[in-house]
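*Asks:* Assemble the whole structure, with the sequences as input and the hints as a guide.
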Amino acid sequence: MNKKLVLLVLCFSVYGYSQKKQTKIKPKAEFITELMSKMTLDEKLGQLNLPTSGDITTGAATSSDVAKNIAEGKVGGLFNIKSVQKIKEAQKIAVEKSRLKIPLIFGMDVIHGYETTFPIPLGLSSTWDMELIERSAQIAAQEASADGINWTFSPMVDISRDPRWGRIAEGSGEDPYLGSQIAKAMVHGYQGKNLSDNNTILSCVKHFALYGAPDAGRDYNTVDMSKIKMYNDYFPPYKAAIDAGSGSVMASFNEVDGIPATGNKWLMTDVLRDQWGFKGFVVTDFTGIPEMISHGMGDLQTVSALALNAGIDMDMVGNGFLSTLKKSLDEKKVTIEQIDKATRLILEAKYDLGLFEDPYKYCDVKRAKTEIFTKDLRAEARSIAAQSLVLLKNQNQLLPLKKNGTIAVIGPLADAKENMA
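In our numbering, the protein residues as written are 1041 to 1461.
Careful, some of the hints might be misleading.
Straight line, CA to CA, 25 angstroms or less: simulated BS3-like cross-link-like pairs of lysine-lysine [what the hints assert, rightly or not]:
1. K1132 x K1409
2. K1068 x K1132
3. K1122 x K1372
4. K1066 x K1078
5. K1401 x K1068
6. K1406 x K1132
7. K1372 x K1114
8. K1078 x K1372
9. K1319 x K1066
10. K1406 x K1233
11. K1233 x K1066
No lab work stands behind these hints, which were simulated from the structure alone.
*Replies:* Here it is as structure tokens:
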């Protein structure tokens, strides 16, 4: 081969590589339609399956059951897996071993900061400063995305007016106006102006709906209230988050009008999609589908079909969609159109996050080392925390408490230090 020919070949190779790197994927609707045309039913159902990371985090990822399902296209995303290294390992299985190379989405409860910690949401609400609250979500998104996470199960916008309810600290209090403003600020903080930026993450407003109003303040309990109170006092923060563009919604555990929210079509379709125009996807809470069995709604196949018919798109941990929807489809209890709709919504979220262009965009080790828990971010967190403090008058010198008796702390969590934080 003469020198001119060698030079020509080299130039062609470099040009071809350069062109490949610059090629953009097709527009969203066209890209996803084409992808779905190649998917089997099992692969579509796989996109609706959200297991926890399980033993994939032990270092034996390639031989774990979770990894096997990922390689077979039976997993749409993972949650509670942390660190760039572990996430990249799992993503590599999806995009290099599965048939269609569909990337995973990775979620986590990033509630009030990732590594740099901010006041609890109830404390943040005491600032009444939406710019500060939005900034706290921006920092959380920056750190989480630097460590591989691209989806947060936040904000929690449940209004609660019963002090007995144990999750009040995760919300913004009892006021629907304040809760709505904070919901918008948090969504904007997490998602930014462009989800394809590598320092933004998908938000998930929760828990839809009325999770903070269970009878007697007992978590998961029945909720019974009028439509007037729903729309005026409890729904506004959810709607505010939807109007702000939240990409996903999490269903609540409680019953509403006798039907668990996870299987409640009035909530998930009539209100959320038809009235409010929500375009993202709906995920259950942890085992939300099988827990409907205890509500007397039927066996796993029945409650899984109930959830899909109601408008649920993704099954967190329950495994009901993956294991029963094919049979329900054969028995005409669900339709392929419903499965396709749910699959499309999840693929659209992955497209919007830029994962089809670069599945490893959140797996930059340099970012993980330089953008998490930095001195500057900790200084911002201290400043925001200072502005969340509420000063009380120490009337009659009540504090410090005088030791003139004993206080009994009773219950299974009385000495559980890790649950006191």
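*Asks:* Against this structure, judge whether each hint is valid.
*Replies:* For each hint, the structure was consulted:
1. At roughly 21 angstroms between alpha-carbon atoms, K1132 and K1409 fall within 25 angstroms of each other, so this suggested pair holds.
2. Of the pairs offered as hints, the one joining K1068 and K1132 holds, with about 23 angstroms between alpha carbons and a cut-off of 25 angstroms not exceeded.
3. With a C-alpha separation of about 40 angstroms, the suggested pairing of K1122 with K1372 is violated against the 25 angstroms cut-off.
4. Simply put, K1066 and K1078 have alpha-carbon atoms about 16 angstroms apart, close enough for the 25 angstroms limit, and the pair holds.
5. Restraint check for K1401 and K1068: the C-alpha separation of about 18 angstroms stays at or below 25 angstroms, so the hint holds.
6. This hinted pair checks out: K1406 and K1132 have alpha carbons roughly 18 angstroms apart, not beyond 25 angstroms.
7. For the hint pairing K1372 with K1114, the CA-to-CA distance comes to about 22 angstroms; that is within 25 angstroms, so the pair holds.
8. Among the hinted pairs, K1078 with K1372 is consistent with the structure: their alpha-carbon atoms are about 23 angstroms apart, no more than 25 angstroms.
9. Of the supplied pair hints, the one linking K1319 and K1066 holds, its CA atoms being roughly 20 angstroms apart against a limit of 25 angstroms.
10. For the hint pairing K1406 with K1233, the CA-to-CA distance comes to about 24 angstroms; that is within 25 angstroms, so the pair holds.
11. Under the criterion of a C-alpha separation no larger than 25 angstroms, the hint pairing K1233 with K1066 is consistent with the structure, at around 21 angstroms.
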